[in-house]
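These protein sequences, in sequence, are chains P and A.
According to our numbering, the first sequence is numbered sequentially starting from 16.
According to our numbering, the second sequence is numbered sequentially starting from 13.
FYI, nobody ran anything at the bench for these hints, they're computed from the structure.
Since no wrong hints were added, every one of them can be taken at face value.
Where chain P lies over chain A, by a calculated footprint (3+ residues, C-beta under 8 Å):
1) 329 to 336
2) 339 to 351
3) 356 to 363
Far from chain P, some chain A residues (derived; all Cβ distances over 10 Å):
4) Ala104
5) His126
6) Ile254
Remember, predicted model here, so these are calculated numbers, not experimental data.
Using N, Cα and C, we set each Cβ at its ideal position, and we do this for glycine too.
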Amino acid sequence: MHKTPVIAIVDDDRSIREALDDLILSCGYHSRLFTSAEEYLAAQELASIDCMLVDVKMPGLTGLELQAVLNEQDALKPPMIFMTSYSDDKTRAAAMTGGAFAFLGKPVNFDQLVQCLEQALKQ
Amino acid sequence: MPSLVLVNPKRRLSARYEIGILSFAFALATTVFYLDTFTDIHSALATLYVITLLLSAETLTERGTLLMTAVCIVLSILSYAAAHGTDADLAAILRLTVAVAAISITCALIIRNHRARLDLIKFNAALQSSEERYRTIFEQSRVALWERDYSEVRASLMRLKSQGVVDLRAYARDNPDFIADCIARIPTVAANAAALEVLGNVSAQNAGSMRRYIAHDDETFLDLMVAIFDNQSYFEGKGTIITSDGTTKLVLLTVGFPVDVSNFNRVIVGMFDITERELAQKALFEAQAELALASRAATVGALSASLAHELNQPLGAIVVNAQTLQRWLDRDPPDLAAVSRSAERIARDSQRASDIIRSTRSMLSERAPVLEAMSLANLVNETQALMQSELSKNRITFETSEAPAITNVTAIRIELQQVLINLFTNAIQAMAATPEELRRISVTIEPAGGQGIRVGVLDTGPGLSPEVLKNLFKPFCTTKKTGLGMGLAICRSMLEARGGSLTASNHPGGGALFEMIVPMEAVHE
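Construct the complete structure from the given sequences, taking the supplied hints into account.
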């Protein structure tokens, strides 16, 4: 049976979260929403998650710190797509070195994001 | 008893000489008395007592002279009595009368002369002590003082005047040697210790000529020459001198010109070293301006960064929502419930964006700028001082004229100062191609009807082309390679927000003229 892909959205901004949620729904996927990295780490049944859309700058743990925590864990990590308004080279390099699948600037390019998601889910 | 002092105690001649003269006078009196009494010479012999009086006048006091006169008159009368008894000889009586009159008149003259001499001595002493007091003040003063001989330079200036020179400044521009020539014509008569110290502890001989010490481009010296040329009675100005060790000092120069032209050979020149004061003031102005600029820049920077971030979230969400909405619509059949959800979120996020902008604006208007009463002339002077190095670097003459009875305005200092800095900077840049001696910024401050005060800034640049004049105050209009073109646009809106205005035109006499009208009381919400 073909399982509907589940995408985790980690962003502290409600508008962004809801817009991405609807976008993912329109692509025919499911999404799980998290308002912070901490909330994500505390959540159950993370194994079902196929891909992550993560905001870089959040209060508390940042997207990069979340990536570092996940890298230390033994469990297999889903591909991470980062989104940020501050797309400086240093942050981008840090994210890519940490194994990010993609690094997108905000506001997100809709087609780019959709393409990116499809590629990540093929993995 | 003082009344018995008959001999003048302040004798000026040696005692022996005086005794000789007195003896001679006495012998003469005795001889006259003998001849007058015992001979039959029919002439006014008694008049010869006058000689006795004159001889002893120098030695005797006033009382002594009076006594001597009395003695001489008594002797004359005795002689007459002895020779003529009680006979009424008309000729003899006339002779006696003439003699007594001569003696009395001589006495009166001697006393008058005596008193005049005493007065003279007193005046002289007063003059001497006054001169001493002046010397003491001159020597001891902590203010650098010179006595200079301006008679030659004055004569040469007056010669120029008689040759028809009217504008000395223009003459000085046309004759580059003029200033040096004038300086050479002013020898120093005397300088006090403080003066030598100001010049860097030079010896009194070296202070003779000021040639070495006056900065070559010093405008103040020319101003001083103009003051003499215009027969002014007083001069005060700020000048630059170069001390013996090569450092430059700012001095306050005061010169009081004598009323009597013949006294121009000893004119007092005072100098006060104000280098420290000026530097401190300049540093203060600069620090204030920098602080104002920095805090403004910091505010604007911080504000725009946070504004950009705040707005980015809802705007980004709106974009995603709109594109997702498109996808729901493109489905067959369209998912209208989802479309409606997307549209709702778009409306909500748009509202959020506009709320952010509104709250930013209200936060900005809460930062109440300070309204204060200020003199526009002072503000212009302060701004000039602030930009002095820029002005001198570009060799720009700066003049301010204020109409009489200009009152203070209530305004926001930093705003007006920013406008002035903008206008002065523009003027300086506009005159880059103007010959140095013609570069001038003229600021006029005058009443603008009942509206407030008009401040005009006129340069001697090429003026504004019709094209530039049309777009001058529009944002991003610039004639400069490195300029955003926001300066004048911001200046105008800043002034207009306070009830003022800013206009530009070409002056009929050449150059660009910017006029701002500052209301008496700035509008302040």
